[in-house]
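Whole structure, please, built from the sequences with the hints as guidance.
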Amino acid sequence: MHDLEAFRAETRAWLEDNCPASMRTPMPEDEVVWGGRNAVFRNPDSKLWLERMADKGWTTPTWPQEYGGGGLDKAHSLVLAEEMQRIAARPPLVSFGISMLGPVLLEMATHEQKLEHIPKIVRGEIRWCQGYSEPGAGSDLAGLGTKAILQGDDYIINGSKIWTSYADQADWIFCLVRTDFEAPKHSGISFILFDMASSGVSTKPIKLISGNSVFCETFFDDVRVPVSNLVGRLNDGWTIAKRLLQHERTMISGFGLSSGRNNRGGLADSLAETAMLYRGDVVELSDPVLRDQIAQFRIDSEAFTLTSQRSAQEAKQSKGPNATSSVLKNYGCELNKRRYELALQAAGTQALGWESLTEDDSDFSQQELAVARQWLRSKGNSIEGGTYEVQLNVIAKRVLGLPDMTAMVGNTAGKQGATGQNSAAEKTATES
Amino acid sequence: MHDLEAFRAETRAWLEDNCPASMRTPMPEDEVVWGGRNAVFRNPDSKLWLERMADKGWTTPTWPQEYGGGGLDKAHSLVLAEEMQRIAARPPLVSFGISMLGPVLLEMATHEQKLEHIPKIVRGEIRWCQGYSEPGAGSDLAGLGTKAILQGDDYIINGSKIWTSYADQADWIFCLVRTDFEAPKHSGISFILFDMASSGVSTKPIKLISGNSVFCETFFDDVRVPVSNLVGRLNDGWTIAKRLLQHERTMISGFGLSSGRNNRGGLADSLAETAMLYRGDVVELSDPVLRDQIAQFRIDSEAFTLTSQRSAQEAKQSKGPNATSSVLKNYGCELNKRRYELALQAAGTQALGWESLTEDDSDFSQQELAVARQWLRSKGNSIEGGTYEVQLNVIAKRVLGLPDMTAMVGNTAGKQGATGQNSAAEKTATES
Amino acid sequence: MSLVLNEDQTMLQQSARDFCREQAPVAVLRHLRDSKHPDGYSAEVWQSMVELGWAGMAIPEAYEGFGFGYSGLGLVLEETGRTLVPTPLVSTVLLSATLINLAGNEEQKLELLPGIARGDSVVALALEETAIHNPLHIELKAVKTGSGYILNGNKDFVLDAHVADQFIVVARTEGESGHQHGISLFTVDAASQGVEVQRLNMVDSRNAGNISLVDVEVPEEALLGQENKGWAALSRTLDIGRIGLAAEMLGGVQEVFERTVEYMKQRTQFGVPIGAFQALQHRAAIMYSEIELCKSLVLKALYELDRGEEAEDIPALASMCKAKLSEIYMLVTNEGVQMHGGIGMTDEFDIGFFLKRARVAQQTLGDAAFHRDRYASLRGF
Amino acid sequence: MSLVLNEDQTMLQQSARDFCREQAPVAVLRHLRDSKHPDGYSAEVWQSMVELGWAGMAIPEAYEGFGFGYSGLGLVLEETGRTLVPTPLVSTVLLSATLINLAGNEEQKLELLPGIARGDSVVALALEETAIHNPLHIELKAVKTGSGYILNGNKDFVLDAHVADQFIVVARTEGESGHQHGISLFTVDAASQGVEVQRLNMVDSRNAGNISLVDVEVPEEALLGQENKGWAALSRTLDIGRIGLAAEMLGGVQEVFERTVEYMKQRTQFGVPIGAFQALQHRAAIMYSEIELCKSLVLKALYELDRGEEAEDIPALASMCKAKLSEIYMLVTNEGVQMHGGIGMTDEFDIGFFLKRARVAQQTLGDAAFHRDRYASLRGF
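Residue numbers (the working numbering), protein chains in the order written: chain A, 1 to 432; chain B, 1 to 432; chain C, 1 to 381; chain D, 1 to 381.
Hints were generated in silico from the structure; no laboratory data involved.
Just so it is clear, the structure is predicted and the values come from calculations on it, not from any experiment.
Where a beta carbon is used, it is the ideal one built from N, C-alpha and C, also for glycine.
Mixed in with the good hints there might be a few duds.
[Said to hold, decoys possible] A short list of chain D residues far from chain C (calculated; beta carbon distances all over 10 Å): (1) K229; (2) A232; (3) V360.
[Stated by the list, open to error] Below, simulated BS3-like cross-link-like pairs (lysine-lysine); rule was C-alpha separation at most 25 Å, straight line: (4) A:K397 x D:K295; (5) D:K36 x B:K207; (6) D:K229 x D:K144; (7) A:K316 x D:K295.
[What the hints assert, rightly or not] Examples of chain D residues lying across from chain A (beta carbon under 8 Å, computed): (8) A284; (9) S289; (10) K300; (11) R372; (12) D373; (13) R379.
Written as structure tokens, this is what we have:
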């Protein structure tokens with residue numbers, strides 16, 4: 001206890017000295033630091049802040065110091081988080097390396113692989129993307145067709161991926177490839193890392209309904225990758241993939257997390273305030289039905305936040321994300337979707353603009369436009385990272401122990417080389 | 001046209017002369033006339049009214065005169081219905097013979113069978129019950145085990161039925177029995193009629209959560225039934241059963257029909273008025289959220305009524321109930337369930353009484369008590385006559401043409417002797 | 001009462017469907033959007049529609065219309081809702097022609113309606129003053145002068161504002177915002193001194209704009225109907241507009257649903273079409289049922305509109321239609337995107353256009369909550 | 001903040017669960033109902049609970065209680081919610097003891113609380129005057145006399161009214177119905193002249209009754225707390241009651257859900273367990289998720305109650321709990337009956353008892369809509 005209090009004091013002092021003032025203000029979306037070879041720092045303080053935090057390993061406070069992490073235990077990292085929150089410090093670095101790949105490498109990679117990749121993740125030197133989904137496969141991740149064929153000490157990779165977030169801006173990719181073409185489909189997959197600058201890699205952005213293009217199609221044409229880049233055992237990539245998906249779900253469920261708070265940018269800061277503003281209400285929201293719906297939304301948001309906290313407390317006893325991650329992922333996504341549907345109702349036609357055609361944004365403010373875009377974006381929450389339907393299947397089967405229809409009425413496993421895990425009835429309906 | 005107008009005038013005059021005054025008032029539940037050997041006429045006018053209407057065949061206006069029906073075409077029967085509605089005349093007779101068995105007999109029975117049974121249905125002399133569901137079978141109707149074994153000119157019937165409505169008050173039963181024990185399960189069923197007074201028939205009422213006991217368990221112990229009581233072809237009873245189920249669905253969907261009108265007995269006459277009454281509101285319902293929900297309910301009710309009318313108009317071109325009967329059955333039941341949930345909210349704790357303990361009903365009025373009972377009763381709407389889930393399966397497969405999972409992943413048909421029609425994936429989840 | 005289409009109506013529906021599929025598919029809207037088309041609608045497509053008689057659909061023959069009634073216009077709107085083709089059909093034909101016909105005197109009708117029927121003019125109804133539909137909230141002032149009126153104020157979200165030749169401006173000549181009495185209607189030439197139009201780029205890529213009127217002078221003849229008494233005709237026009245819009249929404253609802261069911265049959269996952277999954281089947285069956293109810297409401301409302309004087313209960317029917325269609329268009333577009341999965345999120349795929357249109361159509365002339373509230377008042381609770 | 005149970009709490013939960021399963025299953029309620037038991041609860045079962053310390057759970061040790069706090073009482077209520085055993089736990093321990101402890105002076109506490117902790121007395125809170133929860137709607141009048149007060153008025157739906165020894169009557173000494181000021185609390189002996197109790201036979205077979213007070217005289221010492229200033233203690237007591245009731249409802253929710261999932265695994269239709277049907281699986285998974293949220297709310301609220309002075313946001317937490325649990329208890333009982341099919345509709349089967357209890361519990365101390373409205377006000381919109 002004494003130690004913790006001392007650490008708190010030190011941390012507070014250090015942050016006071018090292019966190020630039022502009023890093024204590026709400027972060028506009030375009031100032032998020034993703035790192036990488038071509039990292040953009042729209043605000044020069046961001047660079048300074050990243051470097052200072054990375055030097056202490058505090059971009060990844062609980063990772064081992066050996067690989068550049070902060071080496072803090074849970075209790076100390078909580079203190080750090082609290083102290084950062086106290087001064088509203090921005091996260092110095094956001095990346096798939098931190099949220100997805102890193103934890104899995106730490107758990108499953110060799111010492112050499114860790115030494116090569118982890119420090120660059122910690123320092124934001126390399127930006128990663130995820131090569132999972134393929135055109136036509138969707139939720140049926142394991143049905144992937146990208147091939148890796150051994151040629152001497154290299155694999156030659158051919159195929160394509162889809163829904164690769166920020167592939168056009170990433171330096172390296174962690175990728176699922178098929179290395180055994182005879183085995184049942186889950187048993188012939190390997191997990192491999194390679195440089196996006198390799199010869200034969202190309203990307204093409206996908207334009208979304210929200211107007212953004214965060215996703216790409218990614219093509220591999222005779223890409224040569226050293227065997228040493230394989231993580232884990234050959235043909236055992238599915239185990240790693242599943243582990244990583246759990247981390248992804250935990251991250252996506254965070255969408256719903258801030259619903260109960262007022263710390264999001266944009267007009268949806270407070271649905272109730274927005275609704276009152278556009279109706280000229282002062283004391284009470286004058287549309288009682290919308291008021292009821294917003295109340296219901298906020299109650300669910302608060303309950304969701306508490307459930308996330310409870311889940312974290314329960315997880316302390318065990319290790320890593322637990323079964324509730326499916327519950328949280330789904331609920332968080334549905335909350336986010338509800339939030340934006342309510343935001344549209346709150347602001348009426350003013351939340352339905354696409355672009356401003358005036359210089360002073362007198363037709364639509366940037367915040368209003370952001371609501372419409374984010375509303376559209378939110379529709380993807382229940383598709384990416386395992387669809388809503390897949391998560392419900394998982395809860396029904398793994399948490400509630402309900403029986404598998406396929407096992408009851410005959411099994412296609414043979415036909416497709418599937419294990420019990422991906423029997424048809426267990427699975428989804430829509431694609432990732 | 002001229003003819004219709006003349007018929008209208010005649011009918012109006014006849015009704016004026018023959019419909020007793022008390023038969024033009026709202027009908028309390030205990031004055032409904034079900035007919036049968038032990039018919040109860042709580043109001044002596046009911047008997048008079050039944051006899052007069054039956055003499056003209058107007059208890060079943062469109063049935064052939066040959067068998068005692070009214071012999072009217074659609075147009076004339078509509079005029080009769082309108083004229084009866086004009087004076088708010090009560091239906092003279094309500095029975096499963098009219099709503100379910102009769103139409104099927106007219107379509108599929110022999111002339112002799114019709115001559116024997118139809119006139120007694122028309123006159124309310126025989127009250128019928130339906131022997132379909134069996135313990136353990138539930139929605140899987142065709143899985144029935146009641147056996148009929150030929151012995152000379154008789155069948156010897158052994159087995160039991162469940163959820164037999166009013167079996168303890170019925171005179172005859174129309175019943176599904178298994179007559180072929182080798183064939184696939186749908187192909188070994190026959191449709192047979194017999195007297196409930198036959199030796200070996202016994203019934204036991206089932207008490208429901210609503211406190212009522214409209215259903216029975218019915219037991220057959222070596223019941224002897226003449227072969228001539230078989231309707232349709234031997235082992236082809238499933239065809240008749242399905243036809244009859246369509247009529248049953250049409251009838252049950254009627255639950256939702258009056259939702260938009262104010263012609264139901266009891267406190268739920270108008271949800272809005274009830275809600276205002278219990279809040280002391282005069283101009284507008286003071287709970288705006290309940291007001292919104294009641295508005296939504298009433299809009300859906302009005303739309304449902306229009307859809308029933310449209311479906312009837314569309315059915316004119318074809319014959320008999322059409323594919324929308326599943327839609328209407330489900331929607332009607334869900335509306336009825338919604339209605340009573342709203343009624344509970346409308347009247348608060350006053351709608352949560354079970355019995356009155358006072359002589360003057362000062363604790364709970366009979367209307368209030370009826371709401372609680374009907375609320376509980378309404379929960380069965382989406383279970384009886386084909387569950388909610390079965391109806392959704394039917395819509396998905398037959399109306400939308402969506403594929404059958406079982407056909408995709410292997411088929412249990414062989415194991416169970418099922419045809420494609422009752423493959424597992426198509427079917428329900430809950431029992432009737 | 002007939003809730004099934006007669007032979008003429010079936011033919012009209014079929015020809016409208018064929019036309020929209022062939023001449024005005026979703027690609028037309030996409031092209032207009034991507035090319036940042038200055039008009040926001042295709043004059044060629046519109047001209048073809050005019051030739052088919054659609055612009056004069058509900059205009060009486062005395063004013064060069066074709067007197068097909070609102071049932072006919074509703075069928076056409078339903079088909080345009082299936083392909084989302086932007087035209088002045090809603091602004092000019094459904095709303096403005098109706099209002100002129102209801103409120104105008106003989107000269108005004110003769111002056112304005114034939115031009116609409118011929119497709120010569122675009123007329124826009126300038127009503128809203130807030131982001132939330134509120135037709136009694138009218139603060140734009142019209143002050144009487146010796147020779148006419150002077151108008152001052154702003155209007156928001158006016159459909160087809162930047163391509164309109166004329167506006168019908170809803171103004172207040174007396175009383176306070178919120179009151180029916182004191183509302184007056186004026187025709188205002190778009191080129192008048194003091195009128196400024198700001199085009200809006202809406203999420204559904206359909207035309208709308210904000211208007212400001214600063215000391216705009218109009219002659220006495222610009223008054224449509226009686227001074228202070230514009231509400232009755234306006235209110236009826238809005239109900240007709242809501243029903244017509246519901247017909248358009250019904251087209252979109254059906255199109256999205258049919259595309260989704262088709263996709264469920266084609267798209268394979270884990271070796272089976274996704275339409276074989278029972279959870280999706282049930283959701284599809286529930287949507288189907290709701291759509292059946294939507295159809296009945298729209299058919300009934302259009303039928304009643306054409307009964308003229310005898311019409312029953314138009315305000316309640318209009319609110320029922322708009323409430324229910326708003327609700328179900330939202331449901332079906334959300335489910336449509338979800339069931340299409342990743343591809344439904346791409347701009348390349350059409351489903352997003354319907355998602356966007358659904359929300360703008362919902363807000364136009366009152367959303368589901370607005371109309372349930374109104375319905376409750378109309379039904380006395 | 002801890003949202004997981006500590007060791008003591010886990011032990012208490014287990015022993016309460018064991019006790020309820022063995023000594024107080026649903027069969028106890030069924031028997032009380034079917035035998036038309038005059039008391040409506042089993043004195044023997046209650047006596048055993050008293051011996052386990054449940055009656056003194058949240059009563060301070062100074063008044064012979066055991067000071068386990070509301071977390072402890074909440075755990076016990078949750079378990080009684082799983083078997084629906086009727087006891088004076090809600091009326092006497094959760095509501096009345098709390099109110100006496102909050103509002104009473106030292107003599108009153110010493111006089112009343114030990115009796116409750118010992119299980120000697122049943123005390124009922126007489127609050128409601130309408131069929132819809134409305135704690136500010138107080139019209140029952142208390143008029144000051146030389147020696148005390150005279151009470152006149154009626155109370156509805158008083159839990160355990162006909163078995164109570166004492167009532168705490170919420171009365172108006174000043175002001176109008178709807179106002180906080182002017183509300184005063186009185187202890188009234190059930191045997192007092194002028195008190196009449198009419199037992200109610202409710203759908204959930206739990207005890208409630210209507211009370212009429214005609215010229216009931218009480219001494220000055222019957223006033224609990226200050227004249228006109230009863231609202232603060234009452235309001236906090238109601239919030240504690242709502243949280244406790246939510247804990248009871250959480251027990252029922254879990255019990256119904258667990259029984260339903262179990263049934264889904266056992267019940268076979270068309271040759272497969274019905275739990276293998278994806279549509280039902282998804283509905284079960286959705287319920288599971290909602291129940292997880294319910295648990296977190298109740299745990300948090302109980303935790304905060306025991307923090308005493310430092311407690312955060314009790315009114316909002318109480319409303320969140322009661323709103324959410326009302327909603328989910330309704331969902332789960334409706335689905336429970338539907339998924340059980342015909343057998344769920346029979347009285348022989350237990351599920352109907354939960355269905356009935358869910359609706360009475362929902363109405364008690366405010367339903368979901370009441371609490372969402374209150375929450376919105378508390379959160380400033």
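Practice task
Could you work out which earlier hints the structure fails to respect and list their numbers in ascending sequence?
Solution key: none
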